[in-house]
Amino acid sequence: MNKLISTVSPHFHTTRTTQKIMLDVIIALCPTAIASVVIFGWRAMLVIAVCVGVCVLSEFLFEKLCKRENTVSDLSSVVTGMLLAFNLPVTIPLWQAAIGSVAAIIVVKQLFGGIGQNFANPAITARIIMLVAFSGEMTHWIAPAGFLTPVDAATSATPLAAMTNGTELPSYLDLFLGNYGGCIGETCSLTLLLGGVYLLIRRVISWHTPVAFIGTVALLSLICGKDVLAQLLSGGLLIAAIFMATDYATTPNTKWGKIIFGVGCGLITILIRFWGNYPEGVSYSILIMNILTPYISKLTRSKPLTGGVKP
Amino acid sequence: MKLHGIHVPHKKNTADCAPVRLAPPKTVSIPMSMHIGRPAKPVVKRGDEVKVGTLIAEADGYISAPIHASVSGKVQKIDEMTVSNGSKVPCVIIESDGLQTPDANVTPPDVHDYDSFVEAVKNSGSVGLGGAGFPTFVKFVTKDMSVFQEVVINAAECEPYITSDTRTMLDRADAVFRGIDLLKTYLGIKKFIIGIENNKPAAIAEMRRLAAKTDGVEVRVLPAMYPQGGEKVLIFNCTGKIVPKGGLPLDVGVIVINVTTLAFIAEYLETGMPLVEKCLTVDGSAVKAPKNVIAPIGMSIADVLEAAGGVKTAPAKVLYGGPMMGLTVPSLDCPILKNTNAIVAMDAREAKPPKTTPCISCGACVNHCPLRLDPRSIAIAYKKNSAEELETLCVDLCMECGCCAYICPAHRPLVQTNKLAKFVLRQYQSNKKEGKG
Numbered sequence: 378m379n380k381l382i383s384t385v386s387p388h389f390h391t392t393r394t395t396q397k398i399m400l401d402v403i404i405a406l407c408p409t410a411i412a413s414v415v416i417f418g419w420r421a422m423l424v425i426a427v428c429v430g431v432c433v434l435s436e437f438l439f440e441k442l443c444k445r446e447n448t449v450s451d452l453s454s455v456v457t458g459m460l461l462a463f464n465l466p467v468t469i470p471l472w473q474a475a476i477g478s479v480a481a482i483i484v485v486k487q488l489f490g491g492i493g494q495n496f497a498n499p500a501i502t503a504r505i506i507m508l509v510a511f512s513g514e515m516t517h518w519i520a521p522a523g524f525l526t527p528v529d530a531a532t533s534a535t536p537l538a539a540m541t542n543g544t545e546l547p548s549y550l551d552l553f554l555g556n557y558g559g560c561i562g563e564t565c566s567l568t569l570l571l572g573g574v575y576l577l578i579r580r581v582i583s584w585h586t587p588v589a590f591i592g593t594v595a596l597l598s599l600i601c602g603k604d605v606l607a608q609l610l611s612g613g614l615l616i617a618a619i620f621m622a623t624d625y626a627t628t629p630n631t632k633w634g635k636i637i638f639g640v641g642c643g644l645i646t647i648l649i650r651f652w653g654n655y656p657e658g659v660s661y662s663i664l665i666m667n668i669l670t671p672y673i674s675k676l677t678r679s680k681p682l683t684g685g686v687k688p
Numbered sequence: 181m182k183l184h185g186i187h188v189p190h191k192k193n194t195a196d197c198a199p200v201r202l203a204p205p206k207t208v209s210i211p212m213s214m215h216i217g218r219p220a221k222p223v224v225k226r227g228d229e230v231k232v233g234t235l236i237a238e239a240d241g242y243i244s245a246p247i248h249a250s251v252s253g254k255v256q257k258i259d260e261m262t263v264s265n266g267s268k269v270p271c272v273i274i275e276s277d278g279l280q281t282p283d284a285n286v287t288p289p290d291v292h293d294y295d296s297f298v299e300a301v302k303n304s305g306s307v308g309l310g311g312a313g314f315p316t317f318v319k320f321v322t323k324d325m326s327v328f329q330e331v332v333i334n335a336a337e338c339e340p341y342i343t344s345d346t347r348t349m350l351d352r353a354d355a356v357f358r359g360i361d362l363l364k365t366y367l368g369i370k371k372f373i374i375g376i377e378n379n380k381p382a383a384i385a386e387m388r389r390l391a392a393k394t395d396g397v398e399v400r401v402l403p404a405m406y407p408q409g410g411e412k413v414l415i416f417n418c419t420g421k422i423v424p425k426g427g428l429p430l431d432v433g434v435i436v437i438n439v440t441t442l443a444f445i446a447e448y449l450e451t452g453m454p455l456v457e458k459c460l461t462v463d464g465s466a467v468k469a470p471k472n473v474i475a476p477i478g479m480s481i482a483d484v485l486e487a488a489g490g491v492k493t494a495p496a497k498v499l500y501g502g503p504m505m506g507l508t509v510p511s512l513d514c515p516i517l518k519n520t521n522a523i524v525a526m527d528a529r530e531a532k533p534p535k536t537t538p539c540i541s542c543g544a545c546v547n548h549c550p551l552r553l554d555p556r557s558i559a560i561a562y563k564k565n566s567a568e569e570l571e572t573l574c575v576d577l578c579m580e581c582g583c584c585a586y587i588c589p590a591h592r593p594l595v596q597t598n599k600l601a602k603f604v605l606r607q608y609q610s611n612k613k614e615g616k617g
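Same order as they appear, the protein sequences are chains F and C.
Throughout, the numbering used here is defined as the position within the first sequence, counted from one, plus 377.
Throughout, the numbering used here is defined as the position within the second sequence, counted from one, plus 180.
It should be emphasised that the hints constitute simulated quantities derived from the structure, not laboratory data.
The C-beta atom is built at its ideal place from N, Cα and C for all residues, glycine as well.
Heads up, a few of these hints could be off.
[To be verified] Covered by chain C, according to a simulated footprint, are these stretches of chain F (three or more residues, beta-carbon under 8 Å):
no., region
1, 445-452
2, 652-664
3, 675-681
Next up, chain C with everything else stripped away, as it sits in the complex (with noise of 0.2 Å):
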């Protein structure tokens, strides 16, 4: 069996750009959401003094994170500030001294065992640096330590424009090593996949080269087919296991892990100093000179963009992530978040959206689905506002990947009918539960 997929233009100007640490700016916007879960709990107040690593907000929950200041500096108020979604969420601003002093508690994590290896993780603020923004410890916890079978690394970076895990492998290769590593003998897994693009031969040939003298490692090179990073069809084309309908990749052993996380978590456990910094792709067609930079997390789009050399014409539409599955931001004002792994800035004529035409019912959005669902069938369900054909249907098995509207030649807005036809379907299944309980 072959998952559908589609070749998409790939974009990677920026693969042989090793990245530039960008000169902290004025102030920073910290939002208390930048992962899946409750916001975190802000612990400073307006005029408290702070220094990279100190921190900001602690993890509200079991799902949350915590969140330390990216830059040296005063506090200047706790604001409300609108995120890609279009909700409000408190933001954490600091005015930077521009001295970037690292605070003094910053020291290696006492880890040992288990227990005291997830407890760093937690520690350490991190999530999915791939752009889901799940918090990492998460995938660890289990009662059971048996149910990890194997670890599938994620560097497949099927994204056009992005390049940010291309360069965590060409320039911090050891550290994900020493990931692997920590993964062994703190969690005991033996085997290890690390799923890339050919379209990186550089990347791949490093992943190679430490993968001979590790045991357990296998690099699998998987062809440039989008969405060959998203997590199920990564887990299918490394493993051929199927991560069941409303379940975790857990549910069949697998730990799916992104690459540039790993190479995080190792150099956590070695400096103490938490996620407070991103390398990020800069690149779009609005962008004056594409590469990678190492910004601080809350820095403004604008600042970034500015300082990573300017933009050729305003920009019309800008995204956090790629062209495929990428937010659109509602303002330069955003900042950088965890999970920011590309900013992409498109020009007028980029950012264009296709003109929608009647379905021709050819078939391709069916046919180029990576989870085999009906997109047209999908659509037709939905404007009928059929709840039971939806759940038929599996709708709430789409992962947004966005190949149907990609490949769909009368560009029908199959993704956003997708996400509609889930909360349809939502809605439905929470009222037949409140029904029956």
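Chain F on its own, in the form it takes in the complex (with noise of 0.2 Å):
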């Protein structure tokens, strides 16, 4: 007669993996993406595929040097990849891009423990020590140069640092559709709520942190007396509240460790953008609530429902 299995209950399970989630945040950023290429040009798109590809890689061959169990297939460097990639200029020296994606990979990620281990989002730290390391090209910015206006190439002032200056804002629908110098894949905010909102329908993120991050900024915005919408829809609000502030790993699992984390996002970044000497803090802000993050955790771990004490 056949063996029969013998496992522990339960003895179904979800359909959801892991592989399915990176999947679905690779589908709700594919819209950035293209958007990327029609506003910046297909530079963007060299961007892109080189950090996806470097991100890969970088996984790869640190498991196989560690003799680790190989992840590469659960997607989430190529999610990585992506959003460093997005939080470039499209003018990035594809070395540095390739430098930054092995920071994310293997410094950030792979060096504590790897997926689901590490402490702070891969894609903004390694943005962040790209920002210290080539402080030059990670601040140049050119008008958007693709297919939507093809003119060449010009430097231009972020909304966010003309804002600062008191320069010229584009249009409230120029900052909506993207097109406005700034990174690769935070300019078009059309995209990124559309990516929001598949994430939400697919319950892979859920409302709590992006609101409170969105909100918080909003509110602050508004109280300071500055350009409320104009505050929202540029620099890298909308994809970090939406993709990277929703980060498994890095940010707290509870709903009301969500809203605090997302409150702390706004609050920093507001912080840093009205008051710091950098235009944008976005990166800053989750950075350092990601550090945060195992207190917020702590201090919001649900109850267990033990009902009080057996008389």
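Put the two chains together into one complex, using the hints given.
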């Protein structure tokens, strides 16, 4: 007689897998990838390809070298690569993009134990490393030179820098469609929101962090008498709030934890944008809140249903 | 406050199948441990003639239950048998004469007050038929009857596949309500809540029809959200009360009784026929024709599958109970037990365990645990072998419902870890006690 399988219950499992979740994130990022090519031209695609390729390769080689279980098939390194590329200017030298990708996967992710174990968001942290290491290239912005406005690349200020310097802003429509200077994947609000809606529908993310993050920025901008809509639509706010502040490993898991995380991110973003030396603050805000995550998690841990002490 | 849970596939394929009584098999193997507590002590020996309902083993100690012959025939031998948890228990094997002659001593018990009622329930061999197998009479034992405030009748049947309780409500609805009358008369309870998941409209209609004619009975329709039938979950959703950790439902004045158990008690008091047969659902991807059957206790799973229409392919995994909390059986020779409410036979495809990948800290386990535990932190504390942390995390509260392991996209074996972690905590706590004493 054939041997029967013996396992501990349950014997039914969800069909969701890590790979399917990551695939959903990739799908959600695709409209923005397309928009980036439309806005900034084919070089945007090249930067994305280099980042994704180097991220995947770093993960593969590092795990091979350390004799760890190979996790390339979970697609998380593809997500990291895409997010990092989206946070780079289109003119970034490819070797710098590659170094950033290696830093994201090996330094920030693998050295801390790989998927699910890292405390800081790999894409965000790699971007910050690059900002420090290649500050010139990382803040070299060109006006859109893609298919929408086929003109020669001209240096341009980002809307946030423009607001800080008091120069003229692009129209709301341009801000919404992403037709202005900035990082590859942060400018097009339309496609970022589309991706966010998709992730919400697929239950990959919950609304708590993005709403708390964006809501805090909106509220504080209003209180400070700034142009609320311009604050929301420009810079890395949307990509950060939808895709990076919702990263599983580096943010709290509970409902209230997510809200605290989002509010904290919004607060730090505003502090840096309005009072800091630096026009953009979302990357730093997420990194700082990443560091606070274990404490927020502890604070908001769900209380087991013990129903008081047994008499 | 709302308790978390998960949506599982219902697969209630057999809800419309009235149970078919199976012919007695050639032999039945009746294990002495079909309940929580001490195994029963056999009172028959090889060669003894038995009839249906003859006492073959008596309760050993307080938390235990008597066992009766489920077929008429001759005791072939008393042997040891490996049961689903891997341990060996003594087992009475009876060769059936195929006649199913009832024992002449099977007569309605004399029940006239509280004590005789509890005694009768004890002698019926009844255990919790929903799955746990806790001897039923223990729930009714108290020095002070005023602690009984209300009865929650568990008719949630939240496990996929299983419809045997649904059939009880459709086919034995009167017995359920006669059972309610008995509890009113002998335990003095006035308030009854029947908790049913909303995916059983026919059963809800039938219960409502009879509840309208009975005082103090409310039919509570609950969302089909697993684990709605978990004792603590059901009590909370029906009464708003939280059973304290380490306590029993009676600590909050509640008796929870499975709907089929209640119907059985009513029938036993009328006929005196003890618990010798079980209505169970036979389903799963390996089963040719899913149906409900009534099988004598001790009939082997192989015989039941055969008599129920056979299998499509050789089953790769066979469960006592449903896919969420059911136990895998080591072999098809394992018998139907008192608390078996389903046999689920899975083909290789359905049985294939999913691949485990690293935890991505998504928090799905935390956000779906009905008892608000943190399986991820428990797994980390277990890995560190930190009993103190496991105590803080209340791992001993875990009812092993399987929501966490079901929902985990990395398919971590979280229930298994919790079981092991509970063991670590128990050892630590008993060591601590000894150290003090």
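Against the structure, the hints come out as follows:
no.	hint	verdict
1	445-452	holds (count 3)
2	652-664	violated (count 0)
3	675-681	holds (count 4)
Hint compliance for this structure: hint 2 alone is broken.
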